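K.L.:
Residue numbers (my numbering): 33 to 77.
Just so you know, these hints were derived from the structure itself, not from any lab. Keep in mind it's a predicted model, so treat the numbers as computed, not measured. Hints may be right or wrong, so weigh each one.
[Claimed, not checked] Pairs of lysine-lysine residues, derived as BS3-like cross-links and limited to a Cα-Cα distance of at most 30 Å, are as follows:
#1 K74 / K59
#2 K73 / K39
#3 K39 / K59
#4 K59 / K77
#5 K73 / K59
#6 K74 / K39
[Said to hold, decoys possible] Label-pair restraints from in silico Cβ distances:
#7 G71 / G35: 16 to 24 Å
#8 K77 / E40: 17 to 25 Å
#9 K77 / V52: 29 to 37 Å
#10 K73 / E37: 16 to 24 Å
#11 E40 / E75: 28 to 36 Å
#12 G50 / K77: 13 to 21 Å
#13 E40 / M76: 26 to 34 Å
#14 K39 / K77: 13 to 21 Å
#15 K74 / M36: 13 to 21 Å
Where a beta carbon is used, it is the ideal one built from N, C-alpha and C, also for glycine.
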Amino acid sequence: MLGMEFKERTIHVYNTEGNVMELLLTKEQVQEAIDFLEGCKKEMK
33 MLGMEFKERT IHVYNTEGNV MELLLTKEQV QEAIDFLEGC KKEMK
């Protein structure tokens, strides 16, 4: 399972080993991640 953490003005996305896979730095990147997670949530219903 992936992990996410909000740190200072960025979101860090971690892999299962605890390594940072991606940094989301801009509002657009964060919104894209939110939209993706909302889509996943709808598919799981």
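K.L.:
Look at each hint and say if it fits the structure.
P.N.:
Results for each hint:
For the suggested pair K74 and K59, the alpha carbons sit about 22 Å apart, so the restraint of at most 30 Å is met. For the hint linking K73 to K39, the alpha-carbon distance of about 24 Å falls within 30 Å, and the restraint holds. Distance restraint check for K39 and K59: the Cα-Cα separation of roughly 14 Å lies within the 30 Å cut-off, and the hinted pair is therefore satisfied. Of the supplied pair hints, the one linking K59 and K77 holds, its CA atoms being roughly 27 Å apart against a limit of 30 Å.
A distance of roughly 21 Å separates the Cα atoms of K73 and K59; the hinted pair therefore holds under the 30 Å criterion. As the CA atoms of K74 and K39 are separated by approximately 27 Å, the hinted pair is consistent with the 30 Å bound. Checked against the given bound of 16 to 24 Å, the beta carbons of G71 and G35, roughly 19 Å apart, stay inside it. Look at K77 against E40: about 34 Å separates their beta carbons, and that is not inside 17 to 25 Å.
Evaluation of the 29 to 37 Å hint for K77 and V52 yields a pass: the beta carbon distance comes to about 31 Å. Between K73 and E37 the CB atoms are about 20 Å apart, so this pair conforms to the stated range of 16 to 24 Å. Checked against the hint of 28 to 36 Å, the pair E40 and E75 passes, with Cβ atoms roughly 32 Å apart. In this structure the supplied range 13 to 21 Å is violated for G50 paired with K77, their Cβ-Cβ distance being about 30 Å.
Between E40 and M76, the C-beta spacing of about 31 Å keeps the proposed range 26 to 34 Å intact. Between K39 and K77 the C-beta distance comes to about 31 Å, which lies outside the given range of 13 to 21 Å. For the pair K74 and M36, the beta carbons lie near 19 Å from each other, so the given range of 13 to 21 Å is met.
This entry does not satisfy hints 8, 12, 14, going by the numbered hints stated previously.
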